[in-house]
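One letter stands for each residue in the lines below.
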Amino acid sequence: MEAGGDTVLVVETKNLTKIYAGKYIAVNALNLQVREGSIFGLVGPNAAGKTTTFKLLLGLQKPTAGQVRMFGEPMTANAAHLRERVGFLPTNPRFPKDLTPIKYLSFVGAISGLSRETTMLRLASLLRAVDLLPAASQKIEGFSTGMMTRLGIAASLINDPELLIWDEPTLGLDPAGRRQIFDLIRKLSAGRTILLSTHVLTDVERVCTDVAILNQGRLIFSGSMAEMRQSVPHHTLVLELDGDIDGLCERLAQLDDRLEYERNDNLLHITFPRGQPLAARLAPVLAALRETGVELVSINTATERMEEAFLRRVEEDSAQGLARAVSAASDEEGPLSGPAAA
Amino acid sequence: MRRDRFLALLRPDLASMTRSWLVRLWLVLLGLSAAIPVLAATADEEPASEILRGWLQVAVMPSAIVVIVLSAATVSSESSVVADSILSKAVTRYEYILAKLASRVITVSFIYFVVTVPTAYLVARYAERDVTVTGVVLTVLSLGVILVFLTTLGITFSSFIGNTLISIALLLVLVSMQSAIFQLLGVDYLSPSNVLDDMLPALKGESQTWELLQVVLTFGLLSIVLGGAAMWVFAQKDV
Chain A
146 MEAGGDTVLV VETKNLTKIY AGKYIAVNAL NLQVREGSIF GLVGPNAAGK TTTFKLLLGL
206 QKPTAGQVRM FGEPMTANAA HLRERVGFLP TNPRFPKDLT PIKYLSFVGA ISGLSRETTM
266 LRLASLLRAV DLLPAASQKI EGFSTGMMTR LGIAASLIND PELLIWDEPT LGLDPAGRRQ
326 IFDLIRKLSA GRTILLSTHV LTDVERVCTD VAILNQGRLI FSGSMAEMRQ SVPHHTLVLE
386 LDGDIDGLCE RLAQLDDRLE YERNDNLLHI TFPRGQPLAA RLAPVLAALR ETGVELVSIN
446 TATERMEEAF LRRVEEDSAQ GLARAVSAAS DEEGPLSGPA AA
Chain B
24 MRRDRFLALL RPDLASMTRS WLVRLWLVLL GLSAAIPVLA ATADEEPASE ILRGWLQVAV
84 MPSAIVVIVL SAATVSSESS VVADSILSKA VTRYEYILAK LASRVITVSF IYFVVTVPTA
144 YLVARYAERD VTVTGVVLTV LSLGVILVFL TTLGITFSSF IGNTLISIAL LLVLVSMQSA
204 IFQLLGVDYL SPSNVLDDML PALKGESQTW ELLQVVLTFG LLSIVLGGAA MWVFAQKDV
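Protein chains in written order, with my numbering: chain A, 146 to 487; chain B, 24 to 262.
Chain B extracted, bound-state conformation (with noise of 0.2 Å):
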């Protein structure tokens, strides 16, 4: 991997990510609705758990969605050009990969942890504080490397299918089978919808830190062997 052609690949893509109306869109929008959970915590009518609680359950799915969107076109919507202009120029099929998952990685952490992290703070800070620090930081991050999980499935499924549509679909039918298949491998206290039904304990710092833990390593594992699998099944494919 060469650290040159490497970041060549990603900051053109990087920049393509700034200037995408969907990743603009969803960062006006969560930075708008961020805005209600901080005015309720200057009313102090409820407690900080709960209002935060109340918007990650709101913000997250709709984040969620977006982020299907972006990492399932990630290869299929290039795969007219990508030959031509780019594979067939001086760079390995990794390295073309692995700077399409490092911006997507980037772009989703940066906007989810950029309205997120202050809005927490915010929240924990005028609100009815029954939170923990410990809780916070972990259910945010359980949350974040959840989205992180998701754009690297979505490159995958990008990679392996090529067609963005049938991706998009893909995921949405996994994402809305997650609880059941989590269950059927035996461990649905790792399944997203448990993360998000399981956020007031979380938050107040009544569930066990490991279990929390847990959930950020293996979805970020998971992120890894995924970004893995991206890698080789491209380089394998016909361009």
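Okay, chain A solo, but in the shape it has when bound (with noise of 0.2 Å):
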């Protein structure tokens, strides 16, 4: 499915809601595009429904209204063959508690139409690569949250899907395990698209290319990491500095009064105003630097800076009250456009 020029279209949903027992919309007229080949993040707070978008794009619950295509064709219950090339990750994954991972990884290869032996040959591997070779043989049972999710992830591999829908994929590791998460998915995403939910804005700045804002059921966010970030009005770099840091910020100061930083013990917060090239306004700073011998032991961006953006959408959204109401009933494909339609 195209949405425009050559862009391919992996994921699609057009109004898509979910409302439970008539009382609770979970999902309020998702109009998502998700590009192939992307790593695309779908962020939210706690309840914002990526959980139930994900279950509304695998045919697991049916909508109460709209329509999810996936592949470009429409998802339902019985639609196997489109799961089939999907592989999928719940958040918080329960699996058969009295089989091993070898015995569920079968199952789940024989379940995707794999051969015996192709299925035996990838488990293995799966379960080397996710680090859980020891408990192989050891009933689930017992298995804690990172345990399970690594399971999950080794699951949702075993049939060598185009796409990966990945629910909160880095709940319960370690920060090991969080960066041993990242590196996977970038290595992944080649020839692949996957498309992770998450409450946690750095994972997405990560590794994302593109990113969907949900809050309360509704997107009020779609587009690609850069218009994002430009959605944040300034930069913010964090300095860490050794030597006399009282010294250099007096020399700011004199250097440019505009410039607006914060210090944090050895951390100095700068921010500078977009529309301005960087490297003239950081220019100043390291002159300031030089002059007063503050070594420079490491220079980041913030992350603050994504968090603002998600911030300043959500505040945004909730800002235009009833116009939202007016936006929706006068646009037909939704308040905002998406990856590909931009």
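None of the hints are false.
Under the rule of at most 27 Å between Cα atoms (straight-line distance), these lysine-lysine pairs were calculated in the DSS-like manner: (1) Lys242(A) to Lys260(B); (2) Lys168(A) to Lys207(A); (3) Lys168(A) to Lys260(B); (4) Lys260(B) to Lys159(A); (5) Lys207(A) to Lys159(A); (6) Lys284(A) to Lys248(A); (7) Lys260(B) to Lys207(A).
It should be emphasised that the hints constitute simulated quantities derived from the structure, not laboratory data.
Hints given; two lone chains; assemble the complex.
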């Protein structure tokens, strides 16, 4: 399915809505477009509708209204031929407790239509890759949350899918495990489309090419990461310093009294307005460092930038108030365009 | 319906049936109870019809309760894992529920017939023979089909209701009221309690063959209809 030009959409929803028991609106007229080959991050706070959206995408739940199309075809409860091309990792995955990882992955391979030989080859390498070889013959019953997640990752990859849908893939993992997941996502993205959900904004910033923000079941932003970053009106850099930082701050004030900065122990957060070349604004700072002899240990972009963009979007959406109803009624495509339409 | 996916779902479920303590207990108790009519037959004190009737009446009721518990837990017992671990994969809802139906029906039929058929044969062989082959076959078959019907009814309830205990309670209520229900429908001759009560003439071949066949065909057809209903209902449900 094509959204425009040569862009192929792997997932597309049109006014996707889910209302539980006629009372709770979990997903509200969602218009989502996931480009082929993208790493698409679905971001939102708890109860934003991320998990419900994934269940609707997979045909596990029936939409109250709207449509889901995957690989250009309508998704239904019985569209197993579409799910054959998808690898799904649920949040807090639950598996049959009396099975071992080997037995469960054999089962998944069989219901995915793989031959026994292929299944055995893949499960062995996958269990090694997710570091579950020592527990391969233990019952799933005693597994920790992190182990369940890793088994779920293995199960989602056994059929070598074109599309990965991972719901909170870093949940329950320690920092080393989280880093492994991000490395894995980057490697897997070659030749695949990855749709992942998270409420941790730094995860999105680290790996995603496109992002959508859900708030209370409604899509309030969908676009590329670059577009998301552009919505923040300034750059923020974090400098880790060693030396006479007080002297540095005095010198910075002399050089440019418009410079905004905040000191936090040996960290200096410097904010630069957008619209001006960052290199030009950074030059006086580097000059001050040389003059005062303060050592620059490291320099990073601030994570608050992504959070700020996210919060700004949520605030803007809330501030629109009744105007949202007007835009929803008049705009058949939804309030904001996706990356393909952009 | 894809045969390989259906079999991939069926095999582990059948394996879990063989590991089930309830299934194993049922098989053992039914098998042990079968020794009683066989011993009674060799004692040559009662005619075969009386021995078989007595045993079948005693064996079927507890078997019905086992079948209710086995079938009512079919879908609901897996509800916490079925979405994440099975239905999110490359299987259809129809394949899943058909595999469950097949697994339970095969298990129930196997245990019932593997004990009942040899027992009926041995009793007919060694006791004072007053039964006909047709009568024995149709009687054993009638009760077997009724158990299969109960299995599909339990699975249908499990698909509709999703709560094991409520499904079991409703099924028990239905079973206790079954003769009233059939009477209300004007077909009390088809009710399982009527089949049990009229077993003696049936075993002796004194009942109309067509009446017994009607029981087999009716409950067989109802089982197929219920199986279809279970598949349809499950396909509509959110998991």
